[in-house]
Amino acid sequence: MSDTAERVQKIVVEHLGVESDKVTQEASFIDDLGADSLDIVELVMAFEEEFGVEIPDDAAEKITTVGDATKYIEEHKG
Amino acid sequence: MRRVVVTGLGLVTPLGADVETVWSNILAGKSGAGPITRFDASDQKCRIACEVKPADHEYGFDPNKRVDHKVQRQVDPFIVYGIDAAGQAIEDAGLEDMDEATRLRAGCSIGSGIGGLPGIEKESLVLAEKGPGRVSPHFVHGRLINLISGQVSIKYGLMGPNHAVVTACSTGAHSIGDAARMIRDDDADIMLAGGAEATICPIGIAGFAQARALSTAFNDQPEKASRPYDEARDGFVMGEGAGVVVLEEYEHAKARGAKIYAEVIGYGLSGDAYHVTAPHPEGSGAFRSMQMALRKAGVGPADIDYINAHGTSTPLGDELELGAVRRLFGDDIARVSMSSTKSAIGHLLGGAGAVESIFCILAMRDQIAPPTLNLDNPSDGCVGVDLVPHTAKKREIRAVLNNSFGFGGTNASLVMKRPD
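Taken in order, these protein sequences are the chains called F and P.
With the first letter of the first sequence counted as 1, position 55 gets the number 55 in my numbering; the numbers rise by one all the way through.
With the first letter of the second sequence counted as 1, position 140 gets the number 140 in my numbering; the numbers rise by one all the way through.
No lab work stands behind these hints, which were simulated from the structure alone.
Any given hint might turn out to be false.
Said to hold, decoys possible - Pairwise CB distance ranges (calculated):
#1 P/Arg212 with F/Asp58: 51 to 59 Å
#2 F/Thr64 with P/Arg365: 50 to 58 Å
#3 P/Gly60 with F/Thr24: 52 to 60 Å
#4 P/Ala55 with F/Lys71: 36 to 44 Å
#5 F/Asp57 with P/Leu127: 15 to 23 Å
#6 P/Thr21 with F/Gln25: 40 to 48 Å
#7 P/Ala55 with F/Gln25: 29 to 37 Å
#8 P/Pro35 with F/Ser2: 42 to 50 Å
#9 F/Asp68 with P/Lys254: 53 to 61 Å
#10 F/Gly67 with P/Gly408: 35 to 43 Å
#11 P/Arg335 with F/Glu14: 54 to 62 Å
#12 F/Asp68 with P/Glu129: 26 to 34 Å
#13 F/Asp32 with P/Asp420: 49 to 57 Å
We put the beta carbon where it would ideally sit given N, CA and C, even for glycine.
Turn these sequences into a full structure, and let the hints guide you.
Dropping the structure here:
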C-alpha cells in the first residue's frame, strides 16, 4: 500500500469506527462502510487537513470509494 | 386516571457510571470533587469540579459500552452521558427488545440545561483560526439539547413523543414531570425521562464564576467545597453526568411483570418572576412549586419523610429554600429528613433533578436518607431541621419530595411514593 493509501485508511478507520481490513481501496463509503453524506463531508475535510490539498465540492461529490479519495489526493497533493 | 410508575434507572455521575456503584458511594459519604483535569484551569477563579471519571478509574465511565464510536466522535459529552444513562434504564426495566407496537407508544423526554458548550467553544475557535470551511458538519446536531432524545429514539426505535426540556437547573425534574403527564394524558405508555449536562470547559467554568455562582474559596480542598447549609459555603461546585428513568403506565408495567421502584404522584411548577439569577427573597416560587406538587399528589407535609433539596451550596439559595420548606411543613419540619446530595457529586445543572430523583427513589427502596457532606457548622436558618449531616441515616421513608430551581426563576418539584 502506498503511503497515501495508508494514511487515507487510517483517517477512515478513525472517523467511521470501522475495522481496518474493511477499508479496502474498492470499499464504498456509503454502501460498505456505513457512512452518510455528512460523514463524507467530514472525511473530505480530514483529507484536506492531512494532505494539504483542496478538494472542491464538485470533486468531492465524485469521491465514493476509498480508492477514489486516494487517487484524487495523489494527483493533487503538492 | 392513568398512574405513572418508575421501572428503570440509569446514572452517569462523578461517583460512578452505574446505579448501584453511585448509590453505595453516596451512602458511604464519598465526594466526587477534585482539581479540574479536563483542561488547564490554572488561570480560573474556580479550579475544581466534580468530573465524571475516566474508564480506567475505580468507578469511571466507559463510553464504549453503549455509545457507537462514530456517535462519540460527533457529539458533545452531555449526549454521550445521556445515551448511556438511557441505555442503563432500558436494560434495568427489561425493555431491550420492545416490539413495534410497544415502541410506537414509547418516547423520550431527556433535556439539558445548557447543551454542547464544550463543542461550541471548540468549533468557535476553529472558525476563528481556520475559517468556516473547517467547521464540523456535525457541529449543530452534535450540540443541540434535544439530541439526547433524538439519538436515544433512533438507537432504540422509540416512536412516541420526542421532547426535551430546557429550564436550566430545573431541567431534570421538569423532564420527569412533563413525561409523567404525557403518560397520564395517554400520549405514551413508556417514557425515557431525565437530564444530562457536561459543561466543565474553560468558558463554562469562567461563565459561572463570573456570575459569582461557583465556589472559589476551596481550590486547595476540593472535597470540602460543596457544603450546602454550612456557614462557610461560598458557591456551588460544577458536576457533570446524566440521570434517566423509565416511566411507565402502571397497568402496562404490571401486565408485563416489571419491577416497580416508585410511583410519581405529584408535580409542581412555578416561576419566581423576580430576577435572572437570584432566587425570590422570600422563596415564594420554591414554596408554590412544592405546594402544588403536594396538592397534585393529594398528600400533606405529614406524608413526606425525605426531601432531596436543591441545596446548591450558595449562601442565598440554601437559606431561602429551607425557609420555604419550613413555612410549608410547619410543625412537620421536625420529623422530615432533608439533604443535599450536591455535597457529594456537585451540581449537575440540567442533570441534577433527574439524578436526585433517582436518589430519592433509592432512598425509598433502601429506607435510608443520603447525607449532606461537609455540614460542620450549620447556618442559623438550619435550627430544628434534620439535614442528615455527614452520614446516611436509616429511617422510614414512605414518600419523597425533590426540588430543583433554575436561572430565570424556574422551579420544579416532584413527589413520589413507594409502590403499593
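Range hint 35 to 43 Å: satisfied by the CB atoms of glycine 67 of chain F and glycine 408 of chain P? 54 Å, violated
Lying within 52 to 60 Å: is that true of the beta-carbon distance glycine 60 of chain P to threonine 24 of chain F? 36 Å, violated
Okay, arginine 335 of chain P versus glutamate 14 of chain F on CB: inside 54 to 62 Å? 58 Å, holds
With respect to the beta-carbon atoms only, verify the hint that proline 35 of chain P and serine 2 of chain F lie 42 to 50 Å apart. 46 Å, holds
Would you say the C-beta atoms of threonine 21 of chain P and glutamine 25 of chain F sit inside 40 to 48 Å of each other? Given a distance of about 46 Å, which is inside 40 to 48 Å, the answer is holds.
Whether the CB-CB distance between alanine 55 of chain P and glutamine 25 of chain F falls inside 29 to 37 Å: The hinted range 29 to 37 Å holds for alanine 55 of chain P and glutamine 25 of chain F, with Cβ atoms some 34 Å apart.
Distance restraint evaluation - threonine 64 of chain F, arginine 365 of chain P, Cβ atoms, bounds 50 to 58 Å: 54 Å, holds
Take the C-beta atom of aspartate 57 of chain F and the C-beta atom of leucine 127 of chain P, compute their distance, and say whether it sits inside 15 to 23 Å. 19 Å, holds
Could one say that the CB atoms of alanine 55 of chain P and lysine 71 of chain F fall in the range 36 to 44 Å? Cβ of alanine 55 of chain P to Cβ of lysine 71 of chain F: about 39 Å, so the range 36 to 44 Å holds.
Do aspartate 68 of chain F and lysine 254 of chain P keep their Cβ atoms within the hinted range of 53 to 61 Å? Cβ of aspartate 68 of chain F to Cβ of lysine 254 of chain P: about 57 Å, so the range 53 to 61 Å holds.
Falls inside 49 to 57 Å, the C-beta gap from aspartate 32 of chain F to aspartate 420 of chain P? Holds: the Cβ-Cβ distance is about 54 Å, inside 49 to 57 Å.
CB-CB spacing for aspartate 58 of chain F and arginine 212 of chain P relative to the 51 to 59 Å hint: 53 Å, holds
Violated hints, in rising order: 3, 10; the structure is consistent with all others.
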